[in-house]
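As they're listed, the protein sequences go chains A and B. FYI, the numbering for the first sequence is 1 to 421, going by the numbering used here. FYI, the numbering for the second sequence is 1 to 421, going by the numbering used here.
Some clues are possibly wrong.
Because identical chains share one entry, a pair is satisfied inside a single copy or across any pair of copies.
To be verified - The calculated lysine-lysine pairs, modelled on DSS-like cross-linking and capped at a C-alpha distance of 27 Å, are:
#1 K136 - K289
#2 K136 - K333
#3 K333 - K302
#4 K136 - K302
#5 K136 - K292
#6 K292 - K302
These aren't lab readings, by the way, just hints derived from the structure by calculation.
The chain contents come next:
There are 2 protein chains.
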Amino acid sequence: MPEFLNLLPPADALSIWLAALPSEPRVQAESCPTEEALHRILASDIHAPESLPPFARTTVDGFALRAADTFGATPGLPAYLTITGEILMGSGTELEIRTGQAALIHTGGMIPCGADAVIMLEDTQPARQAELEILKPAAVGQNILAEGEDVEAGQIVLERGMPIRAQEIGGLMALGFEQIDVARRPRVGILSTGDELVPPGRMLAPGQVRDVNSYTLAALVSMAGGLVSRRELLPDSCDQLQSALRRAFSEDDLVVVTAGSSVSDRDITAAVIDELGQPGVLVHGIQIKPGKPTILAVADGKPIIGLPGNPVSAFIIAGLFIPPILARMLGVKLSTITPVCRASLAVNIASTSGREDFVPVRLRYEETGWIAEPVYGRSNLIYTLVRADGMIRIPPHATGLAQGSTVEVQLYDPTHTVLRI
Amino acid sequence: MPEFLNLLPPADALSIWLAALPSEPRVQAESCPTEEALHRILASDIHAPESLPPFARTTVDGFALRAADTFGATPGLPAYLTITGEILMGSGTELEIRTGQAALIHTGGMIPCGADAVIMLEDTQPARQAELEILKPAAVGQNILAEGEDVEAGQIVLERGMPIRAQEIGGLMALGFEQIDVARRPRVGILSTGDELVPPGRMLAPGQVRDVNSYTLAALVSMAGGLVSRRELLPDSCDQLQSALRRAFSEDDLVVVTAGSSVSDRDITAAVIDELGQPGVLVHGIQIKPGKPTILAVADGKPIIGLPGNPVSAFIIAGLFIPPILARMLGVKLSTITPVCRASLAVNIASTSGREDFVPVRLRYEETGWIAEPVYGRSNLIYTLVRADGMIRIPPHATGLAQGSTVEVQLYDPTHTVLRI
Numbered sequence: 001m002p003e004f005l006n007l008l009p010p011a012d013a014l015s016i017w018l019a020a021l022p023s024e025p026r027v028q029a030e031s032c033p034t035e036e037a038l039h040r041i042l043a044s045d046i047h048a049p050e051s052l053p054p055f056a057r058t059t060v061d062g063f064a065l066r067a068a069d070t071f072g073a074t075p076g077l078p079a080y081l082t083i084t085g086e087i088l089m090g091s092g093t094e095l096e097i098r099t100g101q102a103a104l105i106h107t108g109g110m111i112p113c114g115a116d117a118v119i120m121l122e123d124t125q126p127a128r129q130a131e132l133e134i135l136k137p138a139a140v141g142q143n144i145l146a147e148g149e150d151v152e153a154g155q156i157v158l159e160r161g162m163p164i165r166a167q168e169i170g171g172l173m174a175l176g177f178e179q180i181d182v183a184r185r186p187r188v189g190i191l192s193t194g195d196e197l198v199p200p201g202r203m204l205a206p207g208q209v210r211d212v213n214s215y216t217l218a219a220l221v222s223m224a225g226g227l228v229s230r231r232e233l234l235p236d237s238c239d240q241l242q243s244a245l246r247r248a249f250s251e252d253d254l255v256v257v258t259a260g261s262s263v264s265d266r267d268i269t270a271a272v273i274d275e276l277g278q279p280g281v282l283v284h285g286i287q288i289k290p291g292k293p294t295i296l297a298v299a300d301g302k303p304i305i306g307l308p309g310n311p312v313s314a315f316i317i318a319g320l321f322i323p324p325i326l327a328r329m330l331g332v333k334l335s336t337i338t339p340v341c342r343a344s345l346a347v348n349i350a351s352t353s354g355r356e357d358f359v360p361v362r363l364r365y366e367e368t369g370w371i372a373e374p375v376y377g378r379s380n381l382i383y384t385l386v387r388a389d390g391m392i393r394i395p396p397h398a399t400g401l402a403q404g405s406t407v408e409v410q411l412y413d414p415t416h417t418v419l420r421i
Numbered sequence: 001m002p003e004f005l006n007l008l009p010p011a012d013a014l015s016i017w018l019a020a021l022p023s024e025p026r027v028q029a030e031s032c033p034t035e036e037a038l039h040r041i042l043a044s045d046i047h048a049p050e051s052l053p054p055f056a057r058t059t060v061d062g063f064a065l066r067a068a069d070t071f072g073a074t075p076g077l078p079a080y081l082t083i084t085g086e087i088l089m090g091s092g093t094e095l096e097i098r099t100g101q102a103a104l105i106h107t108g109g110m111i112p113c114g115a116d117a118v119i120m121l122e123d124t125q126p127a128r129q130a131e132l133e134i135l136k137p138a139a140v141g142q143n144i145l146a147e148g149e150d151v152e153a154g155q156i157v158l159e160r161g162m163p164i165r166a167q168e169i170g171g172l173m174a175l176g177f178e179q180i181d182v183a184r185r186p187r188v189g190i191l192s193t194g195d196e197l198v199p200p201g202r203m204l205a206p207g208q209v210r211d212v213n214s215y216t217l218a219a220l221v222s223m224a225g226g227l228v229s230r231r232e233l234l235p236d237s238c239d240q241l242q243s244a245l246r247r248a249f250s251e252d253d254l255v256v257v258t259a260g261s262s263v264s265d266r267d268i269t270a271a272v273i274d275e276l277g278q279p280g281v282l283v284h285g286i287q288i289k290p291g292k293p294t295i296l297a298v299a300d301g302k303p304i305i306g307l308p309g310n311p312v313s314a315f316i317i318a319g320l321f322i323p324p325i326l327a328r329m330l331g332v333k334l335s336t337i338t339p340v341c342r343a344s345l346a347v348n349i350a351s352t353s354g355r356e357d358f359v360p361v362r363l364r365y366e367e368t369g370w371i372a373e374p375v376y377g378r379s380n381l382i383y384t385l386v387r388a389d390g391m392i393r394i395p396p397h398a399t400g401l402a403q404g405s406t407v408e409v410q411l412y413d414p415t416h417t418v419l420r421i
């Protein structure tokens with residue numbers, strides 16, 4: 001078991017943790033209706049069974065015709081064509097366009113046989129009955145989407161490991177996939193220890209506080225694609241932690257333990273985790289603030305994380321380590337982008353060199369742009385996080401950041417952050 | 001009804017639409033278990049029923065004592081105190097610390113009566129039995145979280161209209177709120193018209209295509225906090241559109257219509273929407289590409305939006321207009337931040353001045369940073385969106401953007417975008 005005092009930078013700690021997992025995701029695929037698959041992860045490649053569009057279509061309202069018939073047409077010297085019919089939407093057509101002919105067609109309509117261009121309505125003018133003046137030449141292919149222009153039959157359109165967004169649902173439906181295989185959500189067990197903790201519904205006796213971490217961590221886990229399978233509140237008892245941890249370890253895919261934050265509790269947690277299997281505890285202590293006493297382990301191919309007991313540290317460390325481990329378990333092979341909001345720092349922030357600091361900030365808007373203001377508060381205070389919109393990272397080589405410098409704020413929940421402006 | 005040719009800039013169109021809504025949200029509140037409230041909107045202010053922390057707590061492992069007793073202590077000349085007991089976690093204590101006394105205390109433990117500081121274990125040394133050497137002076141309040149330091153009893157801790165993130169769930173649980181009032185999700189009806197459209201499960205006959213918009217729009221609506229209450233596929237029939245629209249209008253809170261994209265279909269849609277109530281169609285045509293033929297209406301206090309029929313335009317317009325209207329209906333009083341990824345543009349992009357252009361882009365990572373590459377494809381192609389990570393906005397006064405210029409990419413789905421890097 002590594003020494004607590006041998007602190008690793010966060011990125012190295014994460015690499016070591018990921019490297020100890022099996023290279024193939026261990027969670028199985030399950031079938032899911034496509035319309036319920038938003039934000040699930042594709043478990044197999046999708047091949048297009050047919051082309052998209054399935055037939056050549058027009059992109060405008062106009063007339064399908066042969067481009068050669070319109071050569072040199074001008075308003076002063078129009079080309080004259082005979083209207084032989086109309087292409088109805090949603091049905092095939094028997095019409096064949098021959099030289100000198102045109103057919104009325106609506107946006108999305110199927111290009112009839114013989115036609116090689118569509119001229120827009122506004123570039124035509126009705127002449128005598130069934131006759132049409134063309135005021136402008138049309139080029140071959142003009143205003144036509146070719147069959148297969150979006151997707152060709154047989155092509156891989158979506159790859160295994162991709163997260164499904166709104167547009168992927170649309171793309172799947174366009175090809176007739178009403179049901180798809182997605183990665184089963186990894187089951188995540190969350191254990192919180194502490195003699196002082198009581199469930200939120202309970203009245204507090206002196207010395208007691210309500211459990212917070214189980215709920216913030218459950219929300220983070222579900223946002224990262226996991227399924228919280230258990231949530232247990234345990235006293236500071238080595239035996240009870242051991243049996244609860246073994247049970248969770250045998251049934252869940254990832255186990256998250258928030259231990260009491262006293263030194264002895266942390267040591268017990270690390271020792272109990274280390275007994276679960278090989279290789280055991282890989283990292284005990286990270287060069288980061290808050291969150292130094294973090295434990296990362298893998299036992300027989302299954303990851304376990306031990307978080308500090310205080311809510312701010314637990315939240316920040318969980319936000320940094322749980323999404324990548326779940327992404328890996330879900331088979332997401334690519335890297336997630338971290339969208340940021342650039343802001344100007346409101347005050348100087350000091351930091352200890354050699355350690356990564358994450359400082360919660362609140363954003364406000366001024367004429368010059370976004371201003372990031374640190375939300376100070378000791379890491380035991382959950383409302384520090386409630387008051388913050390995101391955090392800034394102070395890299396290990398820096399000894400602080402100067403007022404007015406540009407910082408990149410990592411939003412805690414990018415699409416659910418609202419600000420007073 | 002406004003003229004189609006009188007095109008409004010997108011921001012003005014949105015302002016007009018929002019201004020025609022009643023100022024108070026019309027959706028009611030409903031009760032929700034706090035642990036299921038992630039991303040719901042709070043429907044009433046939350047007052048703290050008690051202080052947080054509920055009692056003074058220590059932030060370290062150490063000894064609770066009176067600071068005055070440690071004045072001038074050094075390793076060479078330590079102060080000597082008598083250990084009178086241990087503060088157990090999770091229970092009150094009868095212990096009272098008097099001059100010359102100290103009690104063992106663990107992180108998060110309740111500060112006993114009489115103590116005004118906690119000294120860390122490492123700044124002490126055991127002496128004879130029940131006696132302790134203090135190696136460093138402690139200041140009053142040192143290592144103590146005061147009662148109410150996070151939240152004071154009676155304070156408003158969360159305001160109506162706030163989205164609930166992971167940390168808000170934690171903050172609510174810390175105060176014992178297991179159940180809260182959230183805004184009911186607005187019911188959204190989605191109607192798609194087109195003789196050529198068939199449901200995704202159907203085999204295609206010549207001239208038919210599968211419905212895509214109903215599903216991409218449903219996903220966008222649910223991401224924006226709405227509840228899709230119906231999804232209807234209609235032929236291009238004025239009568240059928242009229243009756244379906246009236247039904248949806250009477251039962252839903254927001255109605256989204258994607259009309260056929262031919263000129264005549266668009267005109268029919270606008271006319272039918274305009275009949276629903278006062279003031280009727282407010283905007284018909286926006287200075288934007290794609291999405292010019294957008295219709296925005298309010299009838300008797302209820303919003304209706306008419307989207308172009310092609311999937312890319314429908315998706316982009318829905319992404320710009322549906323989240324703000326739902327936010328308004330949900331009572332979100334603040335403004336959502338748009339997180340962006342800054343990138344360098346891979347090629348020149350031309351644009352027509354006087355119009356806002358939205359260009360789908362794909363991001364890739366190079367040593368110099370993110371590169372945004374336009375995903376060209378006509379707006380009828382759903383896989384244009386599948387291949388894109390986000391979009392860039394070309395402002396109306398610009399005639400294009402130069403290769404190498406820095407652009408801000410608005411990610412379509414910030415937390416579910418993964419990239420090859």
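Evaluated hints:
no., hint, verdict
1, K136 - K289, "between (69 Å within a copy, 24 Å between copies)"
2, K136 - K333, "neither (51 Å within a copy, 53 Å between copies)"
3, K333 - K302, "within (18 Å within a copy, 44 Å between copies)"
4, K136 - K302, "neither (69 Å within a copy, 45 Å between copies)"
5, K136 - K292, "between (73 Å within a copy, 24 Å between copies)"
6, K292 - K302, "within (22 Å within a copy, 52 Å between copies)"
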